[in-house]
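Visitor: What follows is each chain in one-letter form.
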Amino acid sequence: MGNFTVQSIKTHVSPVDTFKTTTFVMQLRTPLNKKTATERALLPAVLERGSFHFPSRQHIQGALEELYGAHFTADVVKKGEHHVMTFRMEVANEKFLTDTTPLTGRAIQLLASVLLYPLVENDSFSEQAVEEEKRSHRQKIASVYDDKMRYANMRLTEEMCRDEPYSVPVLGYEKELDSINGQSLYKAYKKLLKEAAFDFYVVGDVEEKNIKAFMNEYMLLKDNNPLPYKLETEKVAEEARIVKEKQDVQQGKLHIGYRTNVVFGDPDYFPLQVFNSLFGGSPHSKLFINVREKANLAYYAASRVESHKGLIIVLAGIDSGKFEEASEIIDKQLSEMQKGSFTEEDIDQTKAVLKNQILETIDVPRGRIELEYHGAIIGRDISAEDWIKAIDKVTKEDMLRAGENIIKDTTYFLHGEGGDK
Amino acid sequence: MEQLVFEQLNEELYSEKLENGLTVFILPKAGFNKTYATFTAEYGSIDNQFTPIGQNEGVKVPDGIAHFLEHKMFEHEEGDVFQDFSKQGASANAFTSFTRTAYLFSSTSNVYKNIETLLNFVQHPYFTEETVEKEKGIIEQEISMYEDNPDWQNFFGLLDALYHNHPVKTDIAGTAESIAEITKDDLYTCYNTFYHPGNMTLFIVGNVEAEPMMEFVKENQQQKKFKEASNPSRYFDEEPKQAAKKSKLIPMPVKVGKCLVGIKEAAPHRQGKELLHHELSVQLLLELMFGQSSENYQVLFSEGLIDESFSFDYTAEKGFGFSVIGGDSSDPKALAERIEDMIHSFIDAPFPVAAFERIRKKKIGFFLRALNSPEYIANQFTRYYFNEMHLFDVIPVLEELTEESLKETLHAHFDTKNQLASCIIIPEEPNS
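Line order of the protein sequences matches chains A and B. Under full-length UniProt numbering, the first residue of the first sequence carries the number 1, and numbering increases by one thereafter. Under full-length UniProt numbering, the first residue of the second sequence carries the number 1, and numbering increases by one thereafter.
Keep in mind that the hints are not guaranteed to be accurate.
With a cut-off of at most 35 Å between alpha-carbon atoms, the simulated DSBU-like pairs for lysine-lysine come out as follows [what the hints assert, rightly or not]:
(1) Lys332(A) to Lys134(B)
(2) Lys294(A) to Lys134(B)
(3) Lys78(A) to Lys222(A)
Far from chain A, by Cβ distances over 10 Å, these chain B residues were calculated [stated by the list, open to error]:
(4) Gln49
(5) Phe95
(6) Leu104
(7) Thr183
(8) Ala229
(9) Arg234
(10) Ser247
(11) Arg270
(12) Gly272
Heads up, incomplete: computed chain B residues facing chain A, CB under 10 Å, no partners named [said to hold, decoys possible]:
(13) Met252
(14) Ile359
(15) Pro374
(16) Pro427
Derived by calculation from the structure, the hints in this document are not laboratory data. Glycine included, every Cβ here is placed at the ideal spot set by N, Cα and C.
Whole structure, please, built from the sequences with the hints as guidance.
Guide: Written out as structure tokens, the structure is:
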């Protein structure tokens, strides 16, 4: 992989000939913040409404179609308390087309146009475009309520991290949308370009020197000056709290948040991953076997690590009347694991599953980029090979050390009839 | 072993039909870590009336049984097959669709061992009354999960509006009541009828060498005994050509309404190249009418009737097919009307020739992108194969399409008077 910096954009090029397309990903990272979350969540949609060179959505979409259906998406995600805006483009490699127009340069040009040359008049985005996107965004926020797994996940985070930036929902807040207009949003955009840390990834059958040349020609980011920041990650779990909410649902959603005090980059991070995978991250996990296969309480029962915030989140879809039963089994599985009641065979099996997951992840261009970006966030180069080596080295002792500090914080239960006894 | 070379795509496909009837495809992919394999029975949720193998009289089995059977296959005498795969560093899964049941794994090591596990567990049924009863709790939870999912309810609501009798309108997992009736004997009946190697296809794609892998599969199959292959005979009730009802309204406790407009395929018996041609043509027409670069998309967005969730698709199989258009909407009824109007106007307006060329390019690019994905290749290839089509014909067929051929499809498929139906989810007032 080749790394170089163009303007202040850290550029990472992986020339591989496995794929029939070339993938470009631009990541803009800032600290997550209640004040800026809503405008930043809205921004990608407004930028996709037109640029100086392609002055409407139809123009942009038409240009993408001309580029053999180049796929372009832009959105915002939370990675712990980092707020990351992502622009992705995937374009066919002209080798596989009868028409051999070079597409790589044109793709970078289009991406640069949308990102750096927005359609602006008098220091303002088009009011009409902003109003239409606000309406659409408002609907998107409202519809989170209709997807019960997402809703429960959002509610757990809101309750558990209520005094921390992590509680900010990724789409922002409905009421904040009212005060946004073309001018204020453009200001937010300028500020973002100035403050964000930029990382650009290219994966495909490309040459590093060509990418460098295209970047120098098109990706003219000016006045970018990201300030380093450090996040608070240590937080002591409060006394385990239970929050129940009743709605008209057929299935209850049990989501439990734990503090681990281990984040990506810490020595215990990979031991924590192995611990979690055996606890609830795989089909041979304690949760899958005991909640689903033995007690037949759920179709899914799993756990995942929030790498940059140091949390483990358990999620299970259960009958509304089975809260106590399911909670007890989950608690027991964790405490048994913390006591060390698992075998060397369990560990080997878990490592094999995790390593397989990593190798599979890097078979997908976007997966490869996501994996490497974890390292970029903490300012280190960490390759997939490094991940695999680190997992191989994990011992039972390491897992117990990482697992010891897992403390239950908040239990959130969304339920229908029969769940509030 | 047959070998097919696709030069333009730089792909080589190997295939063989084994003595016991099993069809095997192998597609080596250099540079990939992973190998992905699917072992698929041509048997899905719609196959609920058939003559069991070795019998003369037809039976009707409970709704959701194909999916139930899929769940139960993972259990054997010593426990759970997921465990075996995960010890071998693989992740396994399965899914049931209207017409297929697929068992699959992906792994980056122990590929032969994992192939063996896949073949052996699917070819070794083990059901007891007790384990069948236990599974009902898990599947009831899966059904409840779908009951809370408004998109799923909207989709099956639409199919219920489109179809009078065809089992495609019934939820793949069945209902709590229908699965309660399932017995171990029912499962064996379905298994014996539809899981014969002659009714199954194995597709292996990824980091493998074709020849030794084919030998390995053959040896595995030669050790097992099967009855003589015979085509399972299935029955379907007569299905009228027209949509069953014009519209359906489902109140649900949601914040945002939803609308889906469907067009029922009037001639659902195409197979082979004819089907491929038809399917790609309808997809292309939908893109022209409602894609993000279309005028209609801009209008609907400006009118506040759609958001990013708006989408469309066309699928067809032996005996059924439909277009689906729609998404979240603050005024789903108005959206349904607008979509219908827009289809009308498109039929009457001059054909958009320039846009057609752009969209053709877009579909070619989409297909190349999809070929990065072993999952897409194996699943789609198998679906195409069951419908006598060939996945690698997609680009040549796209290149063959003309303005004239598209216009023909437009008039044949988009009959809004007889074939159109809509399903709407409206937010219901919460009980206080």
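Visitor: Going straight from one Cα to the other, do Lys332(A) and Lys134(B) come out at no more than 35 Å?
Guide: Measuring from Cα to Cα gives roughly 22 Å; hence the hint holds.
Visitor: Check the non-interface label on Gln49(B): least C-beta distance to chain A beyond 10 Å or not.
Guide: holds, 28 Å
Visitor: Beyond 10 Å from every chain A Cβ: check whether that's true for Ala229(B).
Guide: Non-interface label on Ala229(B) holds, nearest chain A Cβ at 33 Å vs cutoff 10 Å.
Visitor: Take the shortest C-beta to C-beta distance between Met252(B) and chain A; is it under 10 Å?
Guide: holds, 8 Å
Visitor: Taking the minimum C-beta separation from Ser247(B) to chain A, is that value above 10 Å?
Guide: holds, 21 Å
Visitor: With 10 Å as the threshold, tell me whether Gly272(B) passes as away from chain A on beta-carbon distances.
Guide: holds, 25 Å
Visitor: Below or equal to 35 Å on CA atoms is what counts here, so check Lys294(A) against Lys134(B).
Guide: holds, 9 Å
Visitor: Holds or violated: Pro374(B) as interface residue toward chain A, Cβ cutoff 10 Å?
Guide: holds, 8 Å
Visitor: Would you say Arg234(B) is clear of chain A, with no C-beta pair closer than or equal to 10 Å?
Guide: holds, 29 Å
Visitor: Is the Cβ of Phe95(B) farther than 10 Å from every Cβ of chain A?
Guide: Consistent with the label, Phe95(B) stays out of reach of chain A, its closest Cβ about 14 Å off (over 10 Å).
Visitor: Arg270(B): least C-beta distance to chain A exceeds 10 Å?
Guide: Answer for Arg270(B): holds, closest chain A Cβ roughly 25 Å.
Visitor: Would the stated hint for Ile359(B) survive a check requiring a Cβ distance to chain A of less than 10 Å?
Guide: holds, 6 Å
Consistency note: the structure conflicts with none of the earlier hints.
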